[in-house]
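Participant: Protein chains in written order, with numbering that gives the first Met the number 0: chain Y, 0 to 153; chain S, 0 to 148.
Since the hints were made in silico from the structure, they are not lab data. Mixed in with the good hints there might be a few duds.
[Said to hold, decoys possible] Ranges between beta-carbon positions, derived for each pair:
1. Y:R84 to S:A127: 56 to 62 Å
2. Y:I39 to S:A80: 53 to 59 Å
3. Y:V96 to S:R50: 25 to 31 Å
4. Y:A94 to S:T9: 39 to 45 Å
5. Y:P106 to S:D12: 31 to 37 Å
6. Y:S69 to S:P99: 33 to 39 Å
7. Y:A103 to S:Q101: 31 to 37 Å
8. Y:T7 to S:S143: 29 to 35 Å
9. S:P63 to Y:E93: 32 to 38 Å
10. S:R50 to Y:E63: 21 to 27 Å
11. Y:D61 to S:A124: 37 to 43 Å
12. S:S139 to Y:E63: 52 to 58 Å
13. S:A124 to Y:E93: 34 to 40 Å
14. Y:A94 to S:D115: 31 to 37 Å
[Stated by the list, open to error] Going by beta-carbon spacing under 7 Å, a handful of chain S positions derived as facing chain Y:
15. S36
16. A39
17. C41
18. C51
19. F142
20. A147
For each residue, glycine too, the CB sits at the ideal point set by N, CA and C.
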Amino acid sequence: MDGLSHRTTLVLLHFGRTRVALAQRAVRSLEAAADADFAIAQPPVLGTIVAGGGRWPVYALDEELAPLRSVPRERRICALLADDRTLFGVLCDEAQVLPREGLAAYPLPLAMRRTGTPVEGVIEGASVALLSSAHSLALVLKVGAAVESKMETA
Amino acid sequence: MSQAGAWLLTLGDHRAAVGVREQVHLMLDPGAAELASTPAHCRHVIFWNDRCVPVMDLAHWLDPSTAAVDAGPHRHLGVYAYQLGADMPVEFGALWLSRPPQRVEVDDAAATQLPDARWRSIATACFADAIGTVPILDLSRIFSGALAG
Numbered sequence: 000m001d002g003l004s005h006r007t008t009l010v011l012l013h014f015g016r017t018r019v020a021l022a023q024r025a026v027r028s029l030e031a032a033a034d035a036d037f038a039i040a041q042p043p044v045l046g047t048i049v050a051g052g053g054r055w056p057v058y059a060l061d062e063e064l065a066p067l068r069s070v071p072r073e074r075r076i077c078a079l080l081a082d083d084r085t086l087f088g089v090l091c092d093e094a095q096v097l098p099r100e101g102l103a104a105y106p107l108p109l110a111m112r113r114t115g116t117p118v119e120g121v122i123e124g125a126s127v128a129l130l131s132s133a134h135s136l137a138l139v140l141k142v143g144a145a146v147e148s149k150m151e152t153a
Numbered sequence: 000m001s002q003a004g005a006w007l008l009t010l011g012d013h014r015a016a017v018g019v020r021e022q023v024h025l026m027l028d029p030g031a032a033e034l035a036s037t038p039a040h041c042r043h044v045i046f047w048n049d050r051c052v053p054v055m056d057l058a059h060w061l062d063p064s065t066a067a068v069d070a071g072p073h074r075h076l077g078v079y080a081y082q083l084g085a086d087m088p089v090e091f092g093a094l095w096l097s098r099p100p101q102r103v104e105v106d107d108a109a110a111t112q113l114p115d116a117r118w119r120s121i122a123t124a125c126f127a128d129a130i131g132t133v134p135i136l137d138l139s140r141i142f143s144g145a146l147a148g
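Turn these sequences into a full structure, and let the hints steer you where they fit.
Facilitator: And the structure:
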């Protein structure tokens with residue numbers, strides 16, 4: 000499924016008990032959450048981080064992958080994700096790089112596809128993780144809206 | 000009059016039935032994985048025969064005020080086969096069961112009306128026995144995503 004070849008490397012982001020796997024190409028870098036500037040928050044944008052030659056909005060997700068309106072202190076890492084249009088940061092507890100080889104990937108069953116869910120599939124290995132993409136997470140976080148709003152006010 | 004075999008399912012406080020050939024596997028002590036960002040009535044999957052099979056909590060869908068299944072012990076699940084269309088491949092879905100299914104014979108003369116609109120959206124027909132009405136589940140609709148929201 001999902002075009003992930005067995006040579007692809009995945010990055011596993013932990014949001015509390017929930018673990019989300021992204022193709023490694025979707026993750027531009029892993030930064031320390033402490034490096035983000037949370038002085039000015041406009042939920043769902045909780046702050047900004049300077050990385051990769053720019054300043055990018057920072058978001059956080061709860062265990063149900065819904066946007067949080069405040070910064071969870073346990074999120075120590077800021078994963079800088081790249082979708083087609085922009086970069087954005089997502090706070091997570093932990094990040095692991097793991098080879099795709101040996102993991103089974105399945106599409107999310109039809110009966111479980113809620114409107115607007117960022118979950119695209121299920122990864123089964125030593126444990127179970129949700130498969131998503133930077134694009135799907137950007138939609139949930141309304142990243143485009145934040146970028147457009149920022150451009151309008153600039 | 001003709002008779003057909005069916006499996007009588009106990010879904011929390013509700014009863015329903017499926018055709019005898021639709022039930023393909025029964026797990027008495029299943030290990031199911033809970034997935035985030037999924038509907039409250041379909042939170043779990045099992046990995047079975049190299050497939051990721053959704054597990055539906057129809058009792059919770061029928062009455063959302065009831066507690067959802069937590070995949071703890073003392074729950075069973077049945078795996079059911081269905082097709083979304085005549086030429087479509089066979090797919091599989093699972094249902095949480097409060098007790099193991101019971102094999103019954105259903106007579107055509109026992110046919111009756113479905114209890115209410117909610118049942119009408121997930122059942123194709125209904126029969127009556129000594130205890131009450133037993134809707135016959137429309138598995139392809141239940142697992143098609145029509146209930147996902």
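Participant: Take the hints in turn and mark each one as holding or not.
Facilitator: Status of the hints after comparison with the structure:
1. Y:R84 to S:A127: 56 to 62 Å: Given range 56 to 62 Å: holds, Cβ gap about 59 Å.
2. Y:I39 to S:A80: 53 to 59 Å: The hinted range 53 to 59 Å holds for Y:I39 and S:A80, with Cβ atoms some 55 Å apart.
3. Y:V96 to S:R50: 25 to 31 Å: 28 Å, holds
4. Y:A94 to S:T9: 39 to 45 Å: Given a distance of about 44 Å, which is inside 39 to 45 Å, the answer is holds.
5. Y:P106 to S:D12: 31 to 37 Å: 33 Å, holds
6. Y:S69 to S:P99: 33 to 39 Å: For Y:S69 and S:P99 the Cβ distance comes to about 47 Å; the hint is violated.
7. Y:A103 to S:Q101: 31 to 37 Å: 34 Å, holds
8. Y:T7 to S:S143: 29 to 35 Å: Holds - the Cβ-Cβ distance for Y:T7 and S:S143, about 30 Å, lies within 29 to 35 Å.
9. S:P63 to Y:E93: 32 to 38 Å: 34 Å, holds
10. S:R50 to Y:E63: 21 to 27 Å: Given range 21 to 27 Å: holds, Cβ gap about 25 Å.
11. Y:D61 to S:A124: 37 to 43 Å: 42 Å, holds
12. S:S139 to Y:E63: 52 to 58 Å: Roughly 28 Å apart at Cβ, these two residues miss the hinted range, so it is violated.
13. S:A124 to Y:E93: 34 to 40 Å: 51 Å, violated
14. Y:A94 to S:D115: 31 to 37 Å: Violated: the Cβ-Cβ distance is about 49 Å, outside 31 to 37 Å.
15. S36: 4 Å, holds
16. A39: Interface hint status for S:A39: violated (10 Å vs cutoff 7 Å).
17. C41: Holds - the Cβ of S:C41 comes within 7 Å of chain Y, reaching about 5 Å at its closest.
18. C51: OK, holds: S:C51 within 7 Å of chain Y, min 4 Å.
19. F142: OK, holds: S:F142 within 7 Å of chain Y, min 5 Å.
20. A147: Hint holds; S:A147 Cβ to chain Y Cβ min 5 Å, cut 7 Å.
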